[in-house]
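Going down the list, the protein sequences come from chains W and V. Residue numbering for the first sequence follows numbering that gives the first Met the number 0, beginning at 0 and increasing consecutively. Residue numbering for the second sequence follows numbering that gives the first Met the number 0, beginning at 0 and increasing consecutively.
Among these hints, one or two may not hold up.
Stated by the list, open to error - With a straight-line Cα cutoff of 30 Å, these simulated DSSO-like cross-link-like pairs (lysine-lysine) come out:
#1 K397(W) x K262(W)
#2 K316(W) x K125(V)
#3 K231(W) x K397(W)
#4 K177(W) x K140(V)
#5 K177(W) x K112(V)
Worth flagging that the hints you see were computed from the coordinates, not collected in a lab.
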Amino acid sequence: MSEAWRVCINTQTPLLQYLDQGLARTVGRDDRPLDLGSYHEGTDYRVSPGGVTRMVLPLVRRLGEMGAIRDPHWVSLNAKGPKSVRYDGLVLHNVEMSRLRMAGYGTIKEAVWRVAHGTRTTKGPDELLWTADFSEFAYYNRATAELLRRLDEANDFDVYYVHDFQQLPVGSMLSRAKPKIFRWHIPFEKGMIPPDWRATFEEYLRHYDMVIMSTDRYLRALRDFGYKGPAKRMFPYVDPKDYTFPSPKEAQAVCAKWGIHPKDQVILVVGRMDPMKGQDVAIQAFATLASSFPRAKLLLVGNGSFSSSRAGLALTKGEAWRAGLEQMIKDLGLEGRVVLTGHVTQPELDALYERSLFTVLPSHREGFGLVVVESWLHRRATVVSDRAGITELLHPGKNGLVFDPTKVASLAQDLHLLLDDPGELRHRLAEEGYRAASPCLLDAAAGEEVAMIREVVGP
Amino acid sequence: MIWPNLTPLGPALPFLYAGIILVVTWALARTVNRLIRSVMSESMPHVAASGSRFASVLIWVVGIVLAVQEIGVSTDILLLVVGLAGVAAVIACREALENAGAKYFSDVYIPFKIGDAVRVGEHEGKVIEINPMTTLLLTEKDQLVSIPNRMFMGQVVVNTTPQAWKEVAIPISVTSGINLAEFESEVRKSLSKLRSRLDPRFPPLLSGRARNPLTSDLTLTLFIRQPGDRDIVTTEANRRVSLVLEKLQRPKRSTRNGRAEPAT
Chain W
0 MSEAWRVCIN TQTPLLQYLD QGLARTVGRD DRPLDLGSYH EGTDYRVSPG GVTRMVLPLV
60 RRLGEMGAIR DPHWVSLNAK GPKSVRYDGL VLHNVEMSRL RMAGYGTIKE AVWRVAHGTR
120 TTKGPDELLW TADFSEFAYY NRATAELLRR LDEANDFDVY YVHDFQQLPV GSMLSRAKPK
180 IFRWHIPFEK GMIPPDWRAT FEEYLRHYDM VIMSTDRYLR ALRDFGYKGP AKRMFPYVDP
240 KDYTFPSPKE AQAVCAKWGI HPKDQVILVV GRMDPMKGQD VAIQAFATLA SSFPRAKLLL
300 VGNGSFSSSR AGLALTKGEA WRAGLEQMIK DLGLEGRVVL TGHVTQPELD ALYERSLFTV
360 LPSHREGFGL VVVESWLHRR ATVVSDRAGI TELLHPGKNG LVFDPTKVAS LAQDLHLLLD
420 DPGELRHRLA EEGYRAASPC LLDAAAGEEV AMIREVVGP
Chain V
0 MIWPNLTPLG PALPFLYAGI ILVVTWALAR TVNRLIRSVM SESMPHVAAS GSRFASVLIW
60 VVGIVLAVQE IGVSTDILLL VVGLAGVAAV IACREALENA GAKYFSDVYI PFKIGDAVRV
120 GEHEGKVIEI NPMTTLLLTE KDQLVSIPNR MFMGQVVVNT TPQAWKEVAI PISVTSGINL
180 AEFESEVRKS LSKLRSRLDP RFPPLLSGRA RNPLTSDLTL TLFIRQPGDR DIVTTEANRR
240 VSLVLEKLQR PKRSTRNGRA EPAT
């Protein structure tokens with residue numbers, strides 16, 4: 000490599016969420032980025048949970064260590080943050096929007112997300128792209144593109160790396176000659192894009208120099224859609240260094256907080272509070288065998304996403320879904336047997352993985368499913384919905400079990416199998432899973448990312 | 000000239016008068032500028048902006064000459080030099096000016112853009128660049144053909160791009176004081192009123208053409224449903240864009256949380 004690239008990352012979800020209102024209003028001296036050195040992670044701010052930030056931050060760190068990039072910048076939506084901050088070698092920039100605009104933006108984002116997850120139905124012509132809400136969606140993307148342009152004037156980037164569907168229009172609005180990479184993180188199924196949206200999607204996509212999809216199936220669907228530009232499949236990934244592996248005793252000590260007894264059989268579901276995550280399917284399946292396994296407990300870990308958090312778009316979806324689940328638990332008489340932990344810290348999550356017997360990913364649709372990789376890293380067997388992208392790495396019965404999330408009985412059968420197992424099956428699935436995780440670990444992915452960036456930027 | 004009797008001010012008097020002339024010039028230029036924008040509100044925003052800029056320059060030239068005259072400096076030589084320089088420039092750059100002028104008008108009135116397939120005289124190809132002097136076509140044989148822009152004013156131009164008739168391209172100049180994100184949002188909201196005349200599959204598209212510290216040159220592309228709607232859609236879209244520009248040129252107000260939204 001001749002010289003380190005200057006990269007500008009763009010995501011919707013900010014890397015940091017600011018917990019302290021004073022910090023959110025603080026501005027760096029002379030308009031320079033605010034240094035977070037004197038603030039405390041966990042009380043003043045926290046790293047946003049979620050797949051995109053979990054994946055991109057380790058990548059940026061690793062590429063920096065490899066000398067492939069230098070002075071990276073990261074632009075994201077954050078109405079409740081300082082204009083720019085310096086954190087972990089990165090300069091983070093926040094795009095600001097009024098609450099009113101944010102609401103319109105959120106409506107469109109949610110609509111596109113629902114299309115990708117197969118839950119949006121419209122009768123007659125779809126006028127979404129002509130609504131006032133779409134104007135706010137365009138506002139956000141244009142404001143982002145303008146900020147990226149100004150930063151490029153000051154920093155002369157080599158490449159832009161734009162993440163996820165909310166940012167798709169940015170490429171077409173960013174009139175700079177620099178290469179642009181776009182990574183699509185959510186499902187992309189054949190025939191998914193409504194006919195009325197087709198021309199707009201084509202126009203947005205054609206401005207990128209590379210499009211990355213998470214699975215081979217999504218890449219094929221992109222080609223079927225008619226996209227002819229450069230595109231690749233690259234599995235999402237995590238950095239194993241971000242995880243801790245507490246001893247059984249330490250894990251039990253942490254888990255006592257949620258009333259877990261040392262003899263409990265813990266089934267773990269990790270995912271934000273969202274109907275698409277299928278926690279309801281897990282509860283219903285668990286209900287069918289709760290009396291047969293009196294020591295079994297189902298733990299649902301996760302809170303709302305950035306979109307539903309008060310620090311983010313403040314959509315109420317997460318809270319409403321959680322209330323519905325709580326009611327379902329009550330109706331099924333599972334209080335004390337099904338536990339909703341809400342947001343947990345990374346060490347707590349690691350303890351929960353270590354304490355669990357196995358994990359379940361019950362999503363009705365899942366772009367990939369990095370929680371399965373996390374489960375494998377903790378050497379835990381996993382039961383995965385057949386609607387998750389990661390099923391491309393799964394061989395049912397060998398490194399995991401796969402079920403149809405529309406059939407509760409199918410999941411109940413798998414839960415029964417693993418709860419009843421003396422340990423041999425779970426152990427085998429977990430060990431095979433651990434081996435299957437390798438393409439989704441940063442070590443493998445960083446080299447692939449460097450090769451891809453070199454292909455786009457040039458030698 | 001009739002001025003009030005301000006004899007006690009003595010030698011400073013001509014400078015005072017010159018200052019007054021400049022203030023009046025400034026006020027007149029602003030008024031005429033607004034008047035032209037209002038009268039031309041249904042013309043291409045690009046043309047309206049040029050018209051008002053030309054009028055402003057003219058008023059300022061006259062104002063400055065009068066002010067200079069007031070302080071006792073002869074303007075005869077100045078006017079002669081400016082006039083001769085202008086004539087010399089026109090003679091020396093006749094072809095370049097013809098092309099630049101043709102570019103200006105073809106931008107506005109000739110329906111093709113970069114990426115379109117066009118035929119001009121015996122040449123046919125895909126438009127890959129439109130610069131102030133020439134338009135570059137890439138032929139099927141991978142050859143570059145440079146067509147002087149003035150040819151587009153004197154020749155029949157055929158746009159052979161499929162369904163090219165659907166596209167209405169409106170060039171827009173947005174001054175740097177306007178927040179581009181806000182402009183885009185407002186234009187989209189305003190143009191949604193025309194959607195019964197527009198192809199629902201193609202919402203308005205705002206793309207950048209050129210940029211300098213003072214202005215961003217954009218193209219607003221609309222896709223009409225019926226060929227007969229071209230004129231009415233163009234006129235109405237021009238009017239709406241002009242209104243948005245006028246609205247956004249007014250002083251900014253803060254957002255609800257008391258912080259201004261990002262500027263361009």
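Comparing the hints with the structure gives:
no. : hint              : in the structure
1   : K397(W) x K262(W) : holds (27 Å)
2   : K316(W) x K125(V) : violated (49 Å)
3   : K231(W) x K397(W) : holds (27 Å)
4   : K177(W) x K140(V) : holds (29 Å)
5   : K177(W) x K112(V) : holds (22 Å)
Checked against the numbered hints given earlier, the structure breaks only hint 2 and satisfies all the rest.
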